[in-house]
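Each chain, letter by letter, is given below.
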Amino acid sequence: AQSVTQLDSQVPVFEEAPVELRCNYSSSVSVYLFWYVQYPNQGLQLLLKYLSGSTLVESINGFEAEFNKSQTSFHLRKPSVHISDTAEYFCAVSEGNAGNMLTFGGGTRLMVKP
Amino acid sequence: DAGVIQSPRHEVTEMGQEVTLRCKPISGHDYLFWYRQTMMRGLELLIYFNNNVPIDDSGMPEDRFSAKMPNASFSTLKIQPSEPRDSAVYFCASSRTGETEAFFGQGTRLTVV
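First to last, the sequence lines map onto chains L and P.
Using the working numbering, the first residue of the first sequence is number 187, and each one after it goes up by one.
Using the working numbering, the first residue of the second sequence is number 10, and each one after it goes up by one.
Please keep in mind that the hints were generated in silico from the structure rather than gathered at the bench.
In this text the structure is predicted, and so the values were computed from the model without any measurement.
Ideal Cβ positions, reconstructed from N, Cα and C, are used throughout, including at glycine.
Misleading hints may appear alongside valid ones.
[To be verified] SDA-like mimics (lysine to any residue), calculated; alpha carbons at most 20 Å apart, straight line: (1) L:K255 with L:Y218; (2) L:K235 with P:E108; (3) L:K235 with P:G107.
[Unchecked claim] Chain L regions said to be covered by chain P (calculated; three or more residues, Cβ under 8 Å): (4) 229-237; (5) 286-298.
Assemble the whole structure, with the sequences as input and the hints as a guide.
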């Protein structure tokens, strides 16, 4: 069985400040790792994913996440946030089978203040 | 492609009534998932289908919940009778064998009063 823990339920941060959203997972097998973003009253959109290879993955809007196998972590970072980044962020894992059935963390609400 | 389409976007119903949520997956996708999002439990998988066949329904909370997929382009999630604690956002997602991403619909916000 897999589980995902997002250590912070809410992260308030000022605009242009750096941010890190933490994610730890547990699994007995190799997994794929994902970050999804949910804007208010919207569905979930894939932000970035780690499948294999380079442990640092990036999104098109400046977010990055690093897979750390020894610490079973996949923290999400951005060096300078914008107001428009205000959203809920979900970390998720998949074993890569069963059509990418996902196990989600509890979510972290990122609140960017001016 | 228009993506995963869910209807309705919002549903308000009275306790005891039957509720049917609908989902149209992306064309060509052979997996379909139903998730529920609540404040208390976060995002949890209710059931998923492969090639229209239910594979794992262990996440369905009670017998009041049922899901069907009569063909590759349509699925329903039914709650009968509905209760206030069923109030949540229900998401449908689809994916294709061999690919590594699941695509989500916009969700249906269900309120049972």
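Please list, smallest to largest, the hint numbers that this structure does not respect. none
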